[in-house]
Amino acid sequence: MHSAGTPPAGQAGDGGYGERAETYLRLLAETALRAAADGNTNRVRDAAEILVDAGVLSGQAAAQIMNDLQLALRLRGKRDALAAGALLRRLTAFRPGYPSREAGGQPNSWRVLPLGPPPATGSRLMALIRTADRALAPAVLHFSPIALLDTETAPLTTLTATDDAGTGYRLGFPGGTWAGSTWTGTMALYPAPPATATRLEISGPNGPVLRAGLTAAQPAAAPPALVAGPATESPGERLLTRRAEGMLAALARVAPGGHGARPPDTDELTATLEAAGALSPLSAAPRRLAALGQLLGLPVEGPASEVPARWTAVVAHYGRRRRPAPVSGTGAIGAVLPVLDGARFAVAGVHSGVPGSFLYVVAEGLRPLPRRLALDPAGRSRESPASIDTGFSWWVRDDAGGWHLCVLEDINPVGREGVLTMALLPPLGHPTTELTLEVSGPAQQVTATLPVRW
Amino acid sequence: MNWFDSLPAADTQVPCGSGTHTVRWEAGKLTLPSHPDAEAELVLGALGGDKPECVTVAEVWARHAADLVVLGMGPRCAADPVTVSWDEVAQQRGSLSGLTQAAPMPPGSGAPGPGAQRARRLAIARSFGAVAPAGSGARVSGLGSGPAAALARGMAEGTQRAQQRIELFQLLALGSALQFRLSGTVCAAWAEPDRAGERAALRPQFAAALSGRFAPAAQEWLGIDPDAVSVTPHEGPGWGTMRVSGSGGNRGLRASLPLGWLASVWACGLAVVGGHLVVAVEEPGFPEARVLALPAPDAAPVALTVRAVPDDSAAVPAWELCSERD
Chain A
1 MHSAGTPPAG QAGDGGYGER AETYLRLLAE TALRAAADGN TNRVRDAAEI
51 LVDAGVLSGQ AAAQIMNDLQ LALRLRGKRD ALAAGALLRR LTAFRPGYPS
101 REAGGQPNSW RVLPLGPPPA TGSRLMALIR TADRALAPAV LHFSPIALLD
151 TETAPLTTLT ATDDAGTGYR LGFPGGTWAG STWTGTMALY PAPPATATRL
201 EISGPNGPVL RAGLTAAQPA AAPPALVAGP ATESPGERLL TRRAEGMLAA
251 LARVAPGGHG ARPPDTDELT ATLEAAGALS PLSAAPRRLA ALGQLLGLPV
301 EGPASEVPAR WTAVVAHYGR RRRPAPVSGT GAIGAVLPVL DGARFAVAGV
351 HSGVPGSFLY VVAEGLRPLP RRLALDPAGR SRESPASIDT GFSWWVRDDA
401 GGWHLCVLED INPVGREGVL TMALLPPLGH PTTELTLEVS GPAQQVTATL
451 PVRW
Chain B
1 MNWFDSLPAA DTQVPCGSGT HTVRWEAGKL TLPSHPDAEA ELVLGALGGD
51 KPECVTVAEV WARHAADLVV LGMGPRCAAD PVTVSWDEVA QQRGSLSGLT
101 QAAPMPPGSG APGPGAQRAR RLAIARSFGA VAPAGSGARV SGLGSGPAAA
151 LARGMAEGTQ RAQQRIELFQ LLALGSALQF RLSGTVCAAW AEPDRAGERA
201 ALRPQFAAAL SGRFAPAAQE WLGIDPDAVS VTPHEGPGWG TMRVSGSGGN
251 RGLRASLPLG WLASVWACGL AVVGGHLVVA VEEPGFPEAR VLALPAPDAA
301 PVALTVRAVP DDSAAVPAWE LCSERD
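So the sequences go chain by chain: A and B. For what it's worth, our numbering labels the leading residue of the first sequence as 1, then goes sequentially. For what it's worth, our numbering labels the leading residue of the second sequence as 1, then goes sequentially.
Treat the hints as calculated values from the structure; they're not laboratory data. Virtual Cβ for every residue (Gly too), placed ideally from N, Cα, C. Don't take every hint at face value.
[As the list claims (entries may be wrong)] With a cut-off of at most 20 Å between alpha-carbon atoms, the simulated EDC-like pairs for lysine to aspartate or glutamate come out as follows:
#1 B:Lys-29 <-> B:Glu-59
#2 A:Lys-78 <-> B:Glu-88
#3 B:Lys-29 <-> B:Glu-41
#4 A:Lys-78 <-> A:Asp-133
#5 B:Lys-29 <-> B:Asp-5
#6 A:Lys-78 <-> B:Glu-192
#7 B:Lys-29 <-> B:Asp-225
#8 B:Lys-29 <-> B:Asp-11
#9 A:Lys-78 <-> B:Asp-87
[Claimed, not checked] Label-pair ranges, simulated between beta-carbon atoms:
#10 B:Gly-94 <-> A:Leu-171: 51 to 57 Å
#11 A:Ser-109 <-> B:Val-43: 49 to 55 Å
#12 B:Arg-195 <-> A:Asp-133: 42 to 48 Å
All chains, please: the whole structure from these sequences, using the hints.
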């Protein structure tokens, strides 16, 4: 309730966007309190959500302003239909521009344990990523069809993990999918294997399922090239770009000829972002969004401009009647990205097949999931998370120059971390030897060139 | 010269013990005429004795004398009534007591001492299994880990928020006259010259506090739509700036005013006097004060002497022009 307890967003080195956004929202709240106002706070709430979405206002500050407004209305005999709590559930601790930290301390370091050469066939790890108290390993496990005949016992529950020194590890399987006798998903090892371990073996009752060498990276393997810096777009432009990416993702989810994308309310978005100082009136972003809408045949009005080439590549792929089949295979990557707007990511690898191409990413510090996408007791989302906007844009470029939009396909929480499965749109058409990754947050972005070992 | 010199004393009634007592605001201070030795009663309260409600109110007032939440909740103008009854305060207390049945709040205590607060927190924690029951002989588990402890911490924070809300309700229940005076007190505390750095970090809140209160005054002054009025906090010498843009339905007013305007002008009912917008008080006083005021947005300020119109029922005095010096 005490407003002074919220650090002003402008202190986060955000170019003053935070202060302007907070001022705008507070002034809007004042208008809702005027005698002539009817106590309807929809406009304030919509603006709060847009500004939080754009990353120019923390969810905490927005929720506090809304909470105070509700109480002030109540003290004036006006009650808003929507309880502040409904908003509080959505606007929680997402704080763009603030590094991810343990309470009162420095962030725990993440480390990729280098893997030896992958086996020619069979089961394999994409990467082994060591976090605070565990190691997470997206993997593909091939089981003997005979082992799966025993329907009494779930095959994953029979697995054990040991290293070359004979040390055993508790295994967890926070998420994965079966395709015949092949399982693709994430393994969690407790505790994380030490740096001295040179081999990891996953075994079942019928013998080893996976053997992975934990050796130094091959000398020939180039280290990932990382370039991190402030976002080139303003927070308002970032939000409009993410809305465009949402339209592209929707396009990919529908059958050819169908319409999955819906036009966002660009006018309201643009007006709020401009008024809050998060979008320049001269920005081309609204025109780009309008142009994409027109390209998709949506009823979008307003002046349009050129559509970025990478957007066109996605539209062109999904506009085909016959689409090329995705490449089949698993590529190991293993790279930890710098902290971006308070979130941490480690790219484990890519797995591709008939259903599509998927990037596996360990993440921490993302904003909370919307309530409608709450997880069930098994830790899986009840609805497809493909429409979740994580607040970040992910694009990869393959070694042939083809752009792919990464869209959240699944989330498997493991403690405070989570493993994101991100669908590449369009899927990979060949086993690319490297991926150039671009991740953009509200205020920061990183570009990384990552070697892929198939 | 003090900002509050342009305000007369104001009384309000507070339920205290078996009756009601007068609590008086006078010359910037809250006084308790029914408790001539309030200090002794405070000591007795701290030692575990019953604390009279009047004394509690005085403590709460002092605790919130620089609390910006007061500006968020308090009145924006005389036509913006903020009504809280003492029944509502009791109801809020009842809810809190229900939450913390194991350690009920002493009757009439709006602000329990640290010992009582700790006892209440422990009681909440026990109810969620984070702490072994008193006298059970069981080892006390730590409050810093585990889901039960997290839940207990959440409950304790919720209790603290509820306690703050009760205190706010107590202050607002003192009525309109004291609400304006408390708002003035908060603004004056933040307007101190040595707090410029702190003000800079809270500019959005001060911009909202100024705009919310200046806009109705501008509407009275110019007939302008209050939604077309915005104010930024002014720092540095001078009274600030005032600029009208557009015309007709597109007319807007942008002003910059120091935070102290809210204390010395707005809280004293001086914002608009005789068709002038008062931008500063040269010599505060009651029933007569000398002010600097704008006859029009683009005009230079003129010095005026203003006089309060007798009206005991008004929350803040209404003023009329006495003379214009030049």
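Structure-based check of each hint:
1. B:Lys-29 <-> B:Glu-59: The given pair, whose Cα atoms are some 12 Å apart, holds under the 20 Å limit.
2. A:Lys-78 <-> B:Glu-88: Judged against 20 Å, a Cα distance of about 16 Å means the pair holds.
3. B:Lys-29 <-> B:Glu-41: Cα-Cα ~18 Å, so holds.
4. A:Lys-78 <-> A:Asp-133: violated, 50 Å
5. B:Lys-29 <-> B:Asp-5: Roughly 12 Å between the alpha carbons, so the hint for B:Lys-29 and B:Asp-5 holds.
6. A:Lys-78 <-> B:Glu-192: violated, 35 Å
7. B:Lys-29 <-> B:Asp-225: With Cα atoms ~36 Å apart, B:Lys-29 and B:Asp-225 exceed 20 Å; violated.
8. B:Lys-29 <-> B:Asp-11: holds, 12 Å
9. A:Lys-78 <-> B:Asp-87: holds, 19 Å
10. B:Gly-94 <-> A:Leu-171: 51 to 57 Å: Between B:Gly-94 and A:Leu-171, where Cβ atoms are some 52 Å apart, the hint holds.
11. A:Ser-109 <-> B:Val-43: 49 to 55 Å: Holds, since A:Ser-109 and B:Val-43 (Cβ atoms, about 54 Å apart) stay within the stated range.
12. B:Arg-195 <-> A:Asp-133: 42 to 48 Å: Roughly 45 Å apart at Cβ, these two residues keep to the hinted range, so it holds.
Against the hints set out earlier in the document, violations occur for numbers 4, 6, 7.
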